[in-house]
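Student: Read off the chains here:
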Amino acid sequence: MTEQTTAVRFEHVDKWFGQLHVLQDINLEVARGERIVICGPSGSGKSTLIRCCNGLEPYQRGRIVVNGIELTENRRTVEQVRRQVGMVFQQFNLFPHLTVLENCTLAPIWVRKMPRAEAEELAMEYLRRVRIPDKAHSYPGQLSGGQQQRVAIARALCMQPRIMLFDEPTSALDPEMISEVLDAMVELAESGMTMLCVTHEMGFAREVADRIVFMDGGRIVEQSPTAQFFAAPQTERARQFLGQILAR
Amino acid sequence: MRVPERTAAVLAWARRNLFSSPLNALLTLLGLWLLWLVVPPLLQWLWLQADFVGSSREDCRGDGACWVFVRVHLDQFLYGFYPPAERWRVNLGIALLLVPALPLLIPPLRRFRRVWLLALLAYPPVAWWLFHGGLGLSVVDTGLWGGLFLTLVIAATGMAAALPLGLLLALGRRSRLPVVRATATVFIEFWRGVPLITVLFMASVMLPLFLPSGLSLDKLLRALIGVALFAGAYMAEVIRGGLQGVPAGQYEAAQALGLSYWQQMRLVIVPQALRMVVPGIVNVFIALFKETSLVLIIGLFDLLGVVQAAVTNPDWLGFVLEGYVFAAAVFWAFCYGMSRISRRLERRPDMKAQEQQEMA
Ligand SMILES: Nc1ncnc2c1ncn2[C@@H]1O[C@H](COP(=O)(O)OP(=O)(O)OP(=O)(O)O)[C@@H](O)[C@H]1O
Ligand SMILES: [Mg+2]
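Here the protein sequences come in this chain order: C and H.
Going by my numbering, the first residue of the first sequence is number 2, and it counts up by one from there.
Going by my numbering, the first residue of the second sequence is number 27, and it counts up by one from there.
What the hints contain is simulated information worked out from the structure, not anything from laboratory work.
Quick caveat, the model's predicted, so the values are computed rather than measured.
Glycine residues also receive a C-beta, built at the ideal position from the N, C-alpha and C atoms.
Any given hint might turn out to be false.
[Stated by the list, open to error] In silico contact screen, one side only, chain C against chain H (beta carbon under 10 Å); selected entries:
no., residue
1, L57
2, N75
3, R76
4, V79
5, G87
6, H98
7, L99
[What the hints assert, rightly or not] Here are a few chain C residues that sit away from chain H, every Cβ distance over 10 Å (derived from the structure):
no., residue
8, L21
9, E30
10, E74
11, E80
12, Q92
13, N94
14, A108
15, P116
16, R130
17, H201
18, V209
19, R212
20, G244
21, L247
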C-alpha cells in the first residue's frame, strides 16, 4: 500500500506504562475506507492502541503514520493529525456546560476557523444524520445515554474527519439504547468512512467490519478478514475469546 | 368555613413538625422561650423606643437606639472625606458598574459578548478617572476616599484581580513545565501563609523602602496590590480544586477535537472548573469583603474605620452600639447579597448539567 491509500500505519510500535509493556511490536496497516474492529480481552491494550492513533497516548518505539503524517512528540503535527481524526469515547465526554449545538460547533469554529453560521448549519446536518436535530438546544445532562453518544458522534463528524476512532462506544449504554448508536455507526460505515472500532458488539463487527484485529496481552495476536475470523479463527486464544463472547 | 380549615391545617402542620415527640415538643418550647426573651427587647431597642429624627444628640431622648447618630454621619459613613460637591462622581461610578453586569441580569442580552467584554475592560479606567479626577475633573486625593465607598473599591478591586490572578496561578500550579509549576507554588504558599495584616503592613511600610527614592506609590494603591495578591493566592487554591474536579475525559475529548492547550483551557476546562467552585469563589469574596476593614491599621478609613472615628467623636460619645450595629448591618447586607447571587448561579441549567451527566 502506498501513502495515498493508507489511512493509519503502525510499524513496530512499543509502548510502556512504567514497567508495563502495554503495546508490544504492533504492526497494523489500515487502508482508506477500511473498517476495522479491534477486540480482545480486558486489559489487552485495545484502548491504548486506538488512543495512539490521535496522539492521546505517546509511544516509545516504532512509527505511527496517520494520513501520511508521522505522529511525533511535536505538538504541531499532533494537532494536525487530530484535525483529521475524530474520536468517540465510551463515556461520551460531551461538554456539559455547552448545548448540543455548541458542542458540535466548538471545534469547527475554533480549530477550523469556520464562521459560526456555517458551523451551525453543518452541525445541524450531522445532528439530523444521527436523528437528534430536535435536541440541538438541550444540554447534555438532559439527554439519555444513547442520545448523548449520538451527539458525540455528530460532534466528531463536524470536524469532517478522514478517520473515525471508536473506543467501546456502546459499553456504557443500557441495552435498549445500544442499537440506536450502532445504527448511526453502520450508516457512517456505509458512507465510506475509515473506521477503527474497539467493540464487543460482534453483530456489528460481522455486519460492517472488513477486518478483525484480535489483541491479547499487548500484542496483535490475529488479524483476518471478518468472515474468516468468525468462521475459522487462526489462534486458540481467539477461538476461546469468541466462544466466550458469543455464548453471552 | 375557610378560616377554621386553615387553622386546622396549621395545627396539623405544627403537630407533625414541632410536636411530633416529647423531646421535639420540649425543644420547640425552649426555642419559643428564647425568642420571647430576645426578640421583644431587641425590637424595643432597634425600633419602638429608638429615635430617628433630629440633628444632635439632644434629640435622642428615648431608651432605644439613637439612629440620629447614624443619620447625621451617614454621608461620612458612605463617602468618608470625599468632597461633598464631587460625590456625584462616586455615585455615577458605582452606578456604571451596572453596565457590564447587564447580561447577568437580562439573559437575552448575553449574545452581544464583545460589547460586554469591552464594557468590562473599559470600566476600571473610567471608574478611576471618575473617582480620582484629572482630564477636566478636579483631582480628589485617595487620602480623602473613605467609608463604604472605600470598602467597595478595595473589595471590588481585590475580587476583580483575584479571579484572573488565581486562575493563572492555578493553571501554573498544574503546568507540566517545572519552572512554571514551582513559581506558582511558591507564590501561592507564600501569600497564603502570611496574615493579611502583615501583607498590608509590608505594603505600607516596607514597600517604600525598596522603591527608588523619587518614586512613591499611592498608599491606597499599595494596599490594593497587597489585597489583590493575597486574594489571588486564596482564589488559586479554590480554582485548582475545580480544575482537579473536571474529569479526565473532558481533557481528552477537547484534545481529540484538535483544540490547542489554551483553547482547551478557555473553552472546555476552565468554564467547568469555575462552575464547580462557585460557592468556594463566593466564599473567598465574602471573606475578602469583610477583611477589607483591616486597612484601618495602615491609616485608610473604610466603612468600619469611619464608624470607629465617629463613635470616638467627643460630640457624639456613647453611641458605640449604634455605630457598630449599622456597620454590621451594611456588611451583612452585602455578604448576604453575594451569597444569594451564588445560589442563583448554581441553579442555572447549564451549571447543573455537570452532575446530571455524571449520573447518566
Ligand atoms: N494511564 C495508565 N497508566 C498505567 N497503566 C495503564 C494506563 N492505562 C491503561 N493501563 C494499563 O494498560 C493495560 C491496557 O489497558 P487498555 O485500557 O488499553 O486495555 P483495554 O484492552 O482497552 O481493556 P478494556 O477492555 O478493559 O477497556 C491495562 O493493564 C491497564 O491497566
Ligand atoms: Mg478500553
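Student: Indicate, hint by hint, whether the structure satisfies it.
Tutor: Hints, verified against the model:
no.: 1; hint: L57; verdict: holds (6 Å)
no.: 2; hint: N75; verdict: violated (13 Å)
no.: 3; hint: R76; verdict: holds (8 Å)
no.: 4; hint: V79; verdict: holds (9 Å)
no.: 5; hint: G87; verdict: holds (7 Å)
no.: 6; hint: H98; verdict: holds (5 Å)
no.: 7; hint: L99; verdict: holds (8 Å)
no.: 8; hint: L21; verdict: holds (19 Å)
no.: 9; hint: E30; verdict: holds (22 Å)
no.: 10; hint: E74; verdict: holds (12 Å)
no.: 11; hint: E80; verdict: violated (5 Å)
no.: 12; hint: Q92; verdict: violated (5 Å)
no.: 13; hint: N94; verdict: violated (4 Å)
no.: 14; hint: A108; verdict: violated (4 Å)
no.: 15; hint: P116; verdict: holds (15 Å)
no.: 16; hint: R130; verdict: holds (18 Å)
no.: 17; hint: H201; verdict: holds (20 Å)
no.: 18; hint: V209; verdict: holds (22 Å)
no.: 19; hint: R212; verdict: holds (23 Å)
no.: 20; hint: G244; verdict: holds (33 Å)
no.: 21; hint: L247; verdict: holds (29 Å)
Of the hints listed earlier, those the structure fails to meet are numbers 2, 11, 12, 13, 14, in rising order.
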